[in-house]
Amino acid sequence: MALLEVSNLEAFYGQTQVLRGLSFKLEEGSVTAILGANGAGKTTTLRAICGMVRTSGEVRFAGARIAARATESIVRYGIAHVPEGRGTFMRLSTEQNLKLGAYTRKDAAGVADDLERVYRYFPRLKERRNQQAGTLSGGEQQMLAVGRALMMRPKLMLLDEPSFGLAPLLTEELFRILGTISSERQVSMLVVEQNASLALAIADHAYLLETGRIVMSGRARDISRDETVRKAYLGY
Amino acid sequence: MDARSNAKTRELAALASGAKLSKSQLLGLALALLAALALPWLVSDYRNFQFTLAISYAMAVLGLNILIGYNGQFSLGHAAFYAIGAYTAAIMMEQGGIAYYWTIPVAGLVCLLAGFLFGLPALRLEGLYLALATFALSLATPQMLKYDAISRWTGGVQGVTITKPDPPFGLPISQDQWLYLFSLAVMLVLFVCAWNLLRGRTGRAIKAVRDNPIAASAMGVNTALYKSLTFGVSALYTGIAGALGAIAIQFVAPDTFNFFLSIAFLVGVVIGGLASIPGAVFGGLVIVFIPNFAEQVSKAAPWAIYGVVLILFMYFMPAGIWGFIRMLYARFTRKRGTEKATRALADREQPS
Amino acid sequence: MDLFLQQTSDGLAFGGIYACVALAVVMIYQATDHLNFAQGEMAMFSTYIAYSLLHHGVPYWWTFLLTMAISFIGGVLVERVIVRPVEGTTVLNEVIVFIGLLAIFNSLAGWIWDYTIKPFPSPFPDKAPFGITFIGPHDFGVIGVTLVVLAAVFLFFRFTPVGLAMRAAAQNPDSARLVGIRVGWMLALGWGLAAAIGSVAGMMVAPIVFLEPNMMMGILVYGFAGALLGGISNPVGAVAGGFMVGVLENWVGTYVPFVGSELKLTAALVLIVTVLVFRPSGLFGHVVVKRV
Chain A
1 MALLEVSNLE
11 AFYGQTQVLR
21 GLSFKLEEGS
31 VTAILGANGA
41 GKTTTLRAIC
51 GMVRTSGEVR
61 FAGARIAARA
71 TESIVRYGIA
81 HVPEGRGTFM
91 RLSTEQNLKL
101 GAYTRKDAAG
111 VADDLERVYR
121 YFPRLKERRN
131 QQAGTLSGGE
141 QQMLAVGRAL
151 MMRPKLMLLD
161 EPSFGLAPLL
171 TEELFRILGT
181 ISSERQVSML
191 VVEQNASLAL
201 AIADHAYLLE
211 TGRIVMSGRA
221 RDISRDETVR
231 KAYLGY
Chain B
237 MDARSNAKTR
247 ELAALASGAK
257 LSKSQLLGLA
267 LALLAALALP
277 WLVSDYRNFQ
287 FTLAISYAMA
297 VLGLNILIGY
307 NGQFSLGHAA
317 FYAIGAYTAA
327 IMMEQGGIAY
337 YWTIPVAGLV
347 CLLAGFLFGL
357 PALRLEGLYL
367 ALATFALSLA
377 TPQMLKYDAI
387 SRWTGGVQGV
397 TITKPDPPFG
407 LPISQDQWLY
417 LFSLAVMLVL
427 FVCAWNLLRG
437 RTGRAIKAVR
447 DNPIAASAMG
457 VNTALYKSLT
467 FGVSALYTGI
477 AGALGAIAIQ
487 FVAPDTFNFF
497 LSIAFLVGVV
507 IGGLASIPGA
517 VFGGLVIVFI
527 PNFAEQVSKA
537 APWAIYGVVL
547 ILFMYFMPAG
557 IWGFIRMLYA
567 RFTRKRGTEK
577 ATRALADREQ
587 PS
Chain C
589 MDLFLQQTSD
599 GLAFGGIYAC
609 VALAVVMIYQ
619 ATDHLNFAQG
629 EMAMFSTYIA
639 YSLLHHGVPY
649 WWTFLLTMAI
659 SFIGGVLVER
669 VIVRPVEGTT
679 VLNEVIVFIG
689 LLAIFNSLAG
699 WIWDYTIKPF
709 PSPFPDKAPF
719 GITFIGPHDF
729 GVIGVTLVVL
739 AAVFLFFRFT
749 PVGLAMRAAA
759 QNPDSARLVG
769 IRVGWMLALG
779 WGLAAAIGSV
789 AGMMVAPIVF
799 LEPNMMMGIL
809 VYGFAGALLG
819 GISNPVGAVA
829 GGFMVGVLEN
839 WVGTYVPFVG
849 SELKLTAALV
859 LIVTVLVFRP
869 SGLFGHVVVK
879 RV
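Protein chains in written order, with the numbering used here: chain A, 1 to 236; chain B, 237 to 588; chain C, 589 to 880.
Accuracy of the hints is not assured; some may be wrong.
[What the hints assert, rightly or not] Here are the computed lysine to any residue pairs in the SDA-like style, where the Cα-Cα straight-line distance is at most 25 Å:
1) B/400 / B/486
2) A/106 / C/751
3) A/99 / C/854
4) A/99 / C/747
5) A/155 / A/167
[Stated by the list, open to error] Cβ pair distances, simulated, as ranges:
6) B/399 / C/672: 24 to 30 Å
7) A/7 / C/654: 51 to 57 Å
8) B/267 / A/13: 33 to 39 Å
9) B/536 / A/13: 46 to 52 Å
10) B/461 / C/699: 30 to 36 Å
11) C/643 / B/450: 53 to 59 Å
12) B/535 / C/589: 53 to 59 Å
13) C/645 / B/564: 54 to 60 Å
Hints listed in this document are in silico derivations from the structure and should not be mistaken for laboratory results.
C-beta: ideal position from N, C-alpha, C; glycine also.
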């Protein structure tokens, strides 16, 4: 049984239909990339999984049906969403942001351990632990968002365009850390990215989305070698 | 794209943004105007008076709407400008012996200045803080009006009584009917001016300041100037409304221009329809007639009924009365539109 | 000098009440991200409930606790049932609902308990402790109670996970949901707590100004002013603001010549607004940095 199974997912913003019957699976322990141009519906897919938009169709997480539930119930199954725009709690401190990630957890010792671990992955956050999160730079806020997601000790992390607005070096560093987290912590990941080469570098599987439909799927390695994908999305 | 489809696109955009009126909208407007003109002969004198008051409040609501709906500022203090307009009219007519129709432009200009001056320090304040500052204005108004030193003109606590003007040219209508028609005329002029202002370049600048002040100033809009000017224009409308209201009621007294009047204007803006000119008309009607209705439902706790009505409006017409009407209209035309389109498609597909 | 001390301590006493209201205002602001000015009327209504309980023979401190509990539940219900439908819409729509609530509570109180002025007992003994004479026993008690409530609220928001969750839910409801916070219930909780604090303010003020449906209106204004003066994002600042407003009001009334008791409110507000023009986030408020 796959960790995440999506069947015939449709999603709507008001009257506009954005997803037109997506079906895919994500195996436990794997990193899956969703690629596509602007407006293809990548962000909507993640938001649909978390119950943040109006949907129809089925979503199963570890066998349980989560499609019709409220966001705050869905995430309690072990899904951490790093949203587009990072969703930082601007007026709270860095550390308070991280601690909020552990809101639903009851194991204080585990939370403390995870906090240290996050600071090891992202030393810059430790430097700024008591600073107001709104004053952090874009890259630091992205790290904060990932850190907050890690604090949930999730089984699945949804990452929405983690490279957005980040300088290239920082983005590489972030993706390297993501790869480390995935292997060290056994966290499955669903990464939505416009930057296809970065995503394909850490992914096992990939799906290509176009106007709300999956038009291609396969192993990341194969997709990155595919002629059409290379020309359209990788630029060579 | 050729010239014809370019023009067509511009036309559609103008219709959508309200800059131009469609044929059916013009028809609706004409009908409403006819009904309004016929009103004085269809209702009792007291109702006539109520509608005249509603016209006055509609102008005040439009003034506040320009500030809140189109410019994104806030005010709990517009009772002050209404009072200034009212007292200007009273003093000019009773102490100056000046004819009532001159009070309108003077009240407007005085309030334009007052609003602009108030708008200047208000630039530094936003949201809650602006609310508090304007609230202080509302509170200060009755107290300043009672101030001894100026009671020679303002009549102190007792206020000033105003003589109702007679219809001109010996027309065979009552004073109330004439006052209604006069107010209606003033309202129409003001509304057309507002429409022109808001759909042109100035209007776009005003709205830009509301939507994204940083972007607006980056594009060269002097946000400070526009914000203060908008305050002034908003006060101008409310001041003229105050003058007409005073003449209708024939009386000005300090305690009527208090915080609750400011709140009433705000209620009119939201329930009538934010950022809409027709909404102001409904706002004026709401201010006069909801308390009336509430009192008829319950003599013992009328304000409880008023509160319930307010809440119900917010549940069922969150975009205000005008927003609700527009939604109904859109649904109606969409249905007719799809029928037309389906027929057109079907016709085209018939082999000819 | 005696007059100065007397006026200052009177100011502090009223300031204690304003501080309590300011605290409730900040509490609801931190929990819901906007101001509810029906709070004064809700506090007044709670005080009437206390009045009824006392009249049925319930001893004072039991009445006090029971009223707080009833107010808490009432606040939760008001949020869940009446405010919730407009929560997703605009701020202005919520403001109209608050105005509606204000009208309803005020009118209902007058209808149920009538408009005659009623006395309300003070729980504090006849003499202030430590032989203090420049401040009356009730005033002293009010300040004490305010400080206790302040401490409790401060600790709650600063050190408890629920307090942090409430602030998060108010600031960024979407992100709060993503970490599993039940945002709707956080809002309800905020309203409940604010209603409970408001009821304390009502019960403290009623002995001084006597119980009648309009008793809280002026006080609410001062409470708001205090909260804004101190800085709406800062509970301690808001309380300091409340005390300052109380003292300021009294000084202005006593020492500025042409200001009698009528103009007191206006003059105090004008002063506060002037301060705000120079310090737009309040004296102790955090300046929120906006990144474009």
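Verification of the hints:
no.: 1; hint: B/400 / B/486; result: 6 Å, holds
no.: 2; hint: A/106 / C/751; result: 16 Å, holds
no.: 3; hint: A/99 / C/854; result: 45 Å, violated
no.: 4; hint: A/99 / C/747; result: 12 Å, holds
no.: 5; hint: A/155 / A/167; result: 29 Å, violated
no.: 6; hint: B/399 / C/672: 24 to 30 Å; result: 52 Å, violated
no.: 7; hint: A/7 / C/654: 51 to 57 Å; result: 54 Å, holds
no.: 8; hint: B/267 / A/13: 33 to 39 Å; result: 37 Å, holds
no.: 9; hint: B/536 / A/13: 46 to 52 Å; result: 48 Å, holds
no.: 10; hint: B/461 / C/699: 30 to 36 Å; result: 50 Å, violated
no.: 11; hint: C/643 / B/450: 53 to 59 Å; result: 58 Å, holds
no.: 12; hint: B/535 / C/589: 53 to 59 Å; result: 55 Å, holds
no.: 13; hint: C/645 / B/564: 54 to 60 Å; result: 57 Å, holds
Consistency note: the structure conflicts with the earlier hints numbered 3, 5, 6 and 10.
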